[in-house]
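Colleague: Same order as they appear, the protein sequences are chains S and D. Just so you know, we're using the numbering used here here: the first sequence kicks off at 4 and counts up by one. Just so you know, we're using the numbering used here here: the second sequence kicks off at 65 and counts up by one.
Treat each hint with caution, since some may be false.
Computed spacing ranges between beta-carbons, pair by pair [stated by the list, open to error]:
id, chain 1, residue 1, chain 2, residue 2, range
1, S, A125, D, N387, 54 to 64 Å
2, S, H276, D, G120, 35 to 45 Å
3, S, S64, D, P455, 13 to 23 Å
4, D, D474, S, T240, 17 to 27 Å
5, S, A265, D, R199, 41 to 51 Å
Straight-line Cα separation of at most 25 Å, DSS-like style, residue types lysine-lysine; simulated pairs [stated by the list, open to error]:
id, chain 1, residue 1, chain 2, residue 2
6, D, K96, D, K303
7, D, K454, S, K49
8, D, K131, D, K205
9, D, K167, S, K168
10, S, K109, S, K86
11, D, K343, D, K167
12, S, K218, S, K140
13, D, K163, S, K195
14, D, K96, D, K109
Everything labelled a hint here was simulated from the structure, so no lab data went into it. The structure presented is a predicted model; accordingly, all values stated were derived computationally and were not measured. Cβ atoms here follow ideal geometry from the backbone N, Cα and C, with glycine treated the same way.
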Amino acid sequence: MIYWDHAATTPPLEQVVDTMSEIMKMHYANPSALHRSGEAAGKLLKRAREVCAAALQVQPSEIVLTSGATESNNMAIKGAAMKYRSRGQHIITTGTEHPSVYECCKQLEALGWEVTYLPVDAEGVVDLAELADAIRKDTVLVSIMHVNNEMGAISPLADIGRIVKELNPRTLLHVDGVQGFGKLPVELAAWKADLYSLSAHKFNGPRGMGLLYVKQGVQLFPILSGGSQESGHRAGTENVAGAVAMSKAMRLAQEGQPELFARMTEIRDLMLHEIRQIPGLELNSSERSAPHIVHFSCPGLKPEVMVHALEEQGMLVSTKSACSSKLSEPSRVLLAMGKDTAHASSGIRISLGKEHQPEDAASLAQALRIVCDKLRPIMEREGQRE
Amino acid sequence: MTYDMLLLRFGEFTLKGKNRSRFERSVHNHIKSVLRPFPNANIIKEYGRLYVELNGESPEALAGALKKVFGLVSISPVRVCPSELDSIIKTAVEFVGQKELTKETTFKVTARRVWKPFPHSSQEMNHLVGSPLLRVYPQLKVQVKNPEIELRIEIRQERTYLFYEVIPGVGGFPLGTNGKAMLLLSGGIDSPVAGWEAMRRGLEIQCVHFYSYPYTSQLAKEKVMELTRILSGYAGRLKLHLVPFTDVQTSFVGIGQDNLIITLMRRAMLRIATTLAEKEGALAIVTGDSLGQVASQTLASMNVIGRATDLPILRPLVTSDKNEIIRTAIDIGTYETSILPYEDCCTLFVPKSPTTNPNLHVVERVEASLEQLAARIEAAVAGTETLIIKPDTNIGASSPNDEEPVVNEDWF
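The following block holds chain S by itself, in its conformation from the complex (with noise of 0.2 Å):
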């Protein structure tokens, strides 16, 4: 079995189980207790917190940790917006963001805010004039993903942040970089950006584990009210050995990222050459895509069929994102491209990771070879049905 789908979760690295081992055996004692192992903890939760910031360039007192992507973007968006409302109840964000924002914009809106959803090109890139144009005196924040992790679009942030700080310096903007970290170059200070999600596990690191920067100076309505971790901006005990295992994952990650970038990105456009030639298959992705995503729709088949068919080749891959893959509507991040119903209905995602090499590419692009040809019949008549 060949594994393909690294935008959903990366295996963890060794090193980084065996330090989560560790520290769970070692110091379990709550890194809040006055006493000395209590103190222990609360050593190594600063020294993770320090490990983080110096990944991403920023001061440790500037990363909140928390549980993973999802709560940093909650946190980031409503907790934003909670505390600015008298600035103004305007959002800007994107019609391709990942549903951890999407949602979060769709409950405020119920709650009386205004958003804002950016239109994009044909592949999957914000319009920067109508981000120039949407821009307000009332816009509290803008939020805009890295890398898409459907089709692996990438964001051009700092022309973003740019555009965001000249026209209204107030407004607060929010990147998710999930997709992008460990992959490509995270600039924080010259995307201008005020808050930056991530999640461990998508770097080999820990599932349940994920960090929130927020920039100095900046404040967040807490989502999660109790005691006064994470300077006050999230409730509960913290994780010593989820924190400490995931600031090794990011700098293991950071180390890696030029190799890496260099060698998934000869693997990504091996695999474009080769997609490009099966007939049946539409990409969605290309060159000037994340090197980690390559996606592609099969109109007129269920995508789930070329999921379990792929599989018995031994090729594990995704339909859209895994958080709505079980969902049998057509991908909103597809139709936002422009794409028909056909093809929005019938994304495939491939994703890479560490492991992967060359012949790889190779391997994959001969089971869909054999997987369209059985397919195709199937495929051509159902495309006739519609």
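The hints should help you fit chain D onto chain S, whose structure is shown.
Modeller: What follows is chain D alone, placed relative to chain S:
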């Protein structure tokens, strides 16, 4: 912008006659130590001046590091060329061309002929360099007052320097050129700033911290170690004396003079610091006192407290406002650590109404009635633990109570 060198300028000590070479040596060593992380940077010494060859290192990063060097008044990233008219003009044209001149930009040339045998005067040079620039870049417009670009040219015998910026340095006297003093370092905001100000005036400092375990925690002690570590970034290394103060402090409790506890405590601290100063050959005590800030910092309190020592007490912050102190603390990097919420010995046993106007006779009488006091002060000195702290000392790695270090770097 591409630059070749940084030009470093020094302040008042260059007037110091006979001691000048000692001052220069100290600055040179300090610069060498802050430039250690930049292996390609190369220091060039010339009479009254220092230059740093960049050799590809980032001028911004180097200037950031050099802002920690006491005695350094300003820094300019420079382009270098031979002191000949043609090459000065050629270099100026190329140097200005690196600026993005998309719209009309005001500018002027300010030349300084330090090397008098150079055939053109400073005034002439302004024209000789200015005219070709105006020809090549029609966007440029001369403006003498507040131009957007000021191209400065300094002509010396060995070479000519071209630059735009003069980045202010921290100033003061070179490290350790004005003697040695003991700094009373609490965990608060003020004392680290006082220590930094003292160092800036050329004092070598050693830190003295009083802790009251178990009334104060191990974390409070580590906080002070961390503050010392941050300050050591300006000094290379610092000595930290950790004085066990519990017995001295508790001896003042329950004598029925609660409002004097702070006064008595501060006097005991000065006595201990004075003994340590004698041992270390220091000639002053530096404190973070700021006039009127708390009860022990009224003029009357300072008078009574100060009489416990014969050494001069230096109070660099005595007339500073709290906001100024906080600003400096943020600048020098101690603020974040200072505001961590751990009890220190100064906040323990604080009476409800400490006196702002203690009476020296009463204080002396109380001290005389405490038979154990002198012995306890001696014991505190004897029990003092001295650490050497450097910028790369890993404070959290081990605590004296544990044999095993807590933070295992392999985990991260």
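Colleague: Does each hint fit the structure? Answer for all of them.
Modeller: Hint by hint, here is what the structure shows:
As the Cβ distance of A125 (chain S) to N387 (chain D) is approximately 55 Å, the hint placing it in 54 to 64 Å holds. Hint check: H276 (chain S) to G120 (chain D), Cβ distance near 39 Å, so the stated range 35 to 45 Å holds. Checked against the given bound of 13 to 23 Å, the beta carbons of S64 (chain S) and P455 (chain D), roughly 20 Å apart, stay inside it. A hinted range of 17 to 27 Å for the beta carbons of D474 (chain D) and T240 (chain S) is consistent with their spacing of about 25 Å.
For the pair A265 (chain S) and R199 (chain D), the supplied restraint of 41 to 51 Å holds, since their beta-carbon distance comes to about 47 Å. Only pairs whose Cα atoms come within 25 Å are accepted, and K96 (chain D) paired with K303 (chain D) is accepted, the gap being roughly 21 Å. Distance restraint check for K454 (chain D) and K49 (chain S): the Cα-Cα separation of roughly 20 Å lies within the 25 Å cut-off, and the hinted pair is therefore satisfied. Taken as a hint, the K131 (chain D) and K205 (chain D) pair is broken in the structure, with Cα atoms around 34 Å apart against an allowance of 25 Å.
Only pairs whose Cα atoms come within 25 Å are accepted, and K167 (chain D) paired with K168 (chain S) is accepted, the gap being roughly 23 Å. For the suggested pair K109 (chain S) and K86 (chain S), the alpha carbons sit about 18 Å apart, so the restraint of at most 25 Å is met. With a CA separation close to 66 Å, the supplied pair K343 (chain D) and K167 (chain D) exceeds the 25 Å bound. For the given pair, K218 (chain S) sits about 21 Å from K140 (chain S) by alpha-carbon distance, which is consistent with the 25 Å threshold.
The suggested pairing of K163 (chain D) with K195 (chain S) holds, with an alpha-carbon distance near 24 Å, which does not exceed 25 Å. Only pairs whose Cα atoms come within 25 Å are accepted, and K96 (chain D) paired with K109 (chain D) is accepted, the gap being roughly 12 Å.
When held up to the earlier numbered hints, the structure conflicts with 8, 11 and fits the remainder.
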